[in-house]
Amino acid sequence: MSSAVSRRDFIRANTTVSAPPHVPEIRLHLADEAHDLWHRTEEELQALGLPPPFWAFAWAGGQGLARYVLDNTETVRGKSVADFAAGSGLVAIAAMKAGAASALAIDIDPFCETAIGLNCELNGVAIASSARDLLAMSSEQGSAELATFDCILAGDVFYDRQIAESLWPLLQATAKTGTEILVGDPGRSYLPAEGLQFLAEYRVPVTRALEDNEVKRTKVWRVTA
Numbered sequence: 003m004s005s006a007v008s009r010r011d012f013i014r015a016n017t018t019v020s021a022p023p024h025v026p027e028i029r030l031h032l033a034d035e036a037h038d039l040w041h042r043t044e045e046e047l048q049a050l051g052l053p054p055p056f057w058a059f060a061w062a063g064g065q066g067l068a069r070y071v072l073d074n075t076e077t078v079r080g081k082s083v084a085d086f087a088a089g090s091g092l093v094a095i096a097a098m099k100a101g102a103a104s105a106l107a108i109d110i111d112p113f114c115e116t117a118i119g120l121n122c123e124l125n126g127v128a129i130a131s132s133a134r135d136l137l138a139m140s141s142e143q144g145s146a147e148l149a150t151f152d153c154i155l156a157g158d159v160f161y162d163r164q165i166a167e168s169l170w171p172l173l174q175a176t177a178k179t180g181t182e183i184l185v186g187d188p189g190r191s192y193l194p195a196e197g198l199q200f201l202a203e204y205r206v207p208v209t210r211a212l213e214d215n216e217v218k219r220t221k222v223w224r225v226t227a
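Residue numbers (the numbering used here): 3 to 227.
Because the hints were derived from the structure by calculation, they are not lab data.
If you're wondering where the values come from, they're calculated on a predicted model, not measured in any experiment.
Check the hints yourself; a few may be wrong.
In silico lysine-lysine, DSSO-like type, Cα no more than 27 Å apart, as pairs [unchecked claim]:
1) Lys99 <-> Lys81
2) Lys178 <-> Lys81
3) Lys221 <-> Lys178
4) Lys81 <-> Lys221
5) Lys221 <-> Lys99
If you anchor each label on the Cβ, the simulated ranges turn out as follows [stated by the list, open to error]:
6) Ala15 <-> Glu167: 31 to 39 Å
7) Gly197 <-> Arg219: 14 to 22 Å
8) Arg219 <-> Glu142: 20 to 28 Å
9) Asp11 <-> Gln199: 42 to 50 Å
10) Gln143 <-> Ala202: 29 to 37 Å
11) Glu147 <-> Glu167: 40 to 48 Å
12) Ser140 <-> Glu203: 18 to 26 Å
All C-beta atoms, glycine included, are put in the ideal place defined by N, C-alpha and C.
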C-alpha cells in the first residue's frame with residue numbers, strides 16, 4: 003500500500019469523521035469502536051504494509067496538549083511550530099487554529115502524512131509534513147533542526163523506553179537553544195522525572211480499547227533547559 007491514493011482510501015474506509023472529546027473544535031478521521039483497526043495482529047498489519055495506526059486515534063497526551071494550546075493561544079500565536087510525532091496532526095491543527103504562523107507535522111509513518119492531509123481539509127488549515135527521522139540523528143544534529151522553530155509540541159511521546167531514551171536528550175538539547183518545548187503526557191511510564199515544569203492538568207476521556215481507564219489525567223509540561 004505505497005501510493006498516497008491507496009492510503010487515503012484505506013484511511014477513509016477504516017475511520018469515521020468525529021471530534022476528540024476533549025477538543026470538540028477539531029474534527030479528525032478516527033477509528034471508533036466499530037472499527038477493529040488497532041486490534042488487528044501485528045502480522046496482519048505487516049501483511050497490509052501498515053505500521054501501528056497511531057494516526058487513527060486522538061491519544062490523551064495529544065488531546066491535553068491541543069486543549070492547552072487552544073486555551074492559551076499566546077503559546078503559539080504568530081510563531082513557527084513543529085508537532086513532533088504528530089500522528090493524526092491534532093496538535094498541529096490546534097496550533098494553527100490558535101494562530102500559529104506555520105506548523106510542521108513530523109512523523110516517520112507515511113500514513114500520518116496522508117491522515118494529516120485529510121484532517122487539515124476537515125479543519126480548513128494548511129500544515130506541512132516531514133518524515134525525517136530525527137531520532138536517528140545525534141541530539142546535536144536533531145536539535146539544530148528543531149531549533150529553527152519557535153515552539154515544539156510533543157503529545158504522548160514517552161510510551162516506549164527506547165524512544166524516550168533517544169528523544170529526551172534531543173528535547174533537552176533543543177530547549178537549551180531557547181526554543182520552547184511543550185509536552186502532553188497522561189502518566190506514561192517513561193516520562194522523565196526531572197527537567198519538566200508543570201503547566202496544566204486535564205481529565206481526558208479516552209477509549210478503553212486502548213487505555214486502562216475511561217479518563218486519563220493528562221498533564222502539560224514545559225521542558226526546561
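Verification of the hints:
{"no.": "1", "hint": "Lys99 <-> Lys81", "result": "holds (12 Å)"}
{"no.": "2", "hint": "Lys178 <-> Lys81", "result": "holds (18 Å)"}
{"no.": "3", "hint": "Lys221 <-> Lys178", "result": "holds (22 Å)"}
{"no.": "4", "hint": "Lys81 <-> Lys221", "result": "holds (23 Å)"}
{"no.": "5", "hint": "Lys221 <-> Lys99", "result": "holds (21 Å)"}
{"no.": "6", "hint": "Ala15 <-> Glu167: 31 to 39 Å", "result": "holds (36 Å)"}
{"no.": "7", "hint": "Gly197 <-> Arg219: 14 to 22 Å", "result": "holds (20 Å)"}
{"no.": "8", "hint": "Arg219 <-> Glu142: 20 to 28 Å", "result": "violated (35 Å)"}
{"no.": "9", "hint": "Asp11 <-> Gln199: 42 to 50 Å", "result": "holds (43 Å)"}
{"no.": "10", "hint": "Gln143 <-> Ala202: 29 to 37 Å", "result": "holds (32 Å)"}
{"no.": "11", "hint": "Glu147 <-> Glu167: 40 to 48 Å", "result": "violated (19 Å)"}
{"no.": "12", "hint": "Ser140 <-> Glu203: 18 to 26 Å", "result": "violated (34 Å)"}
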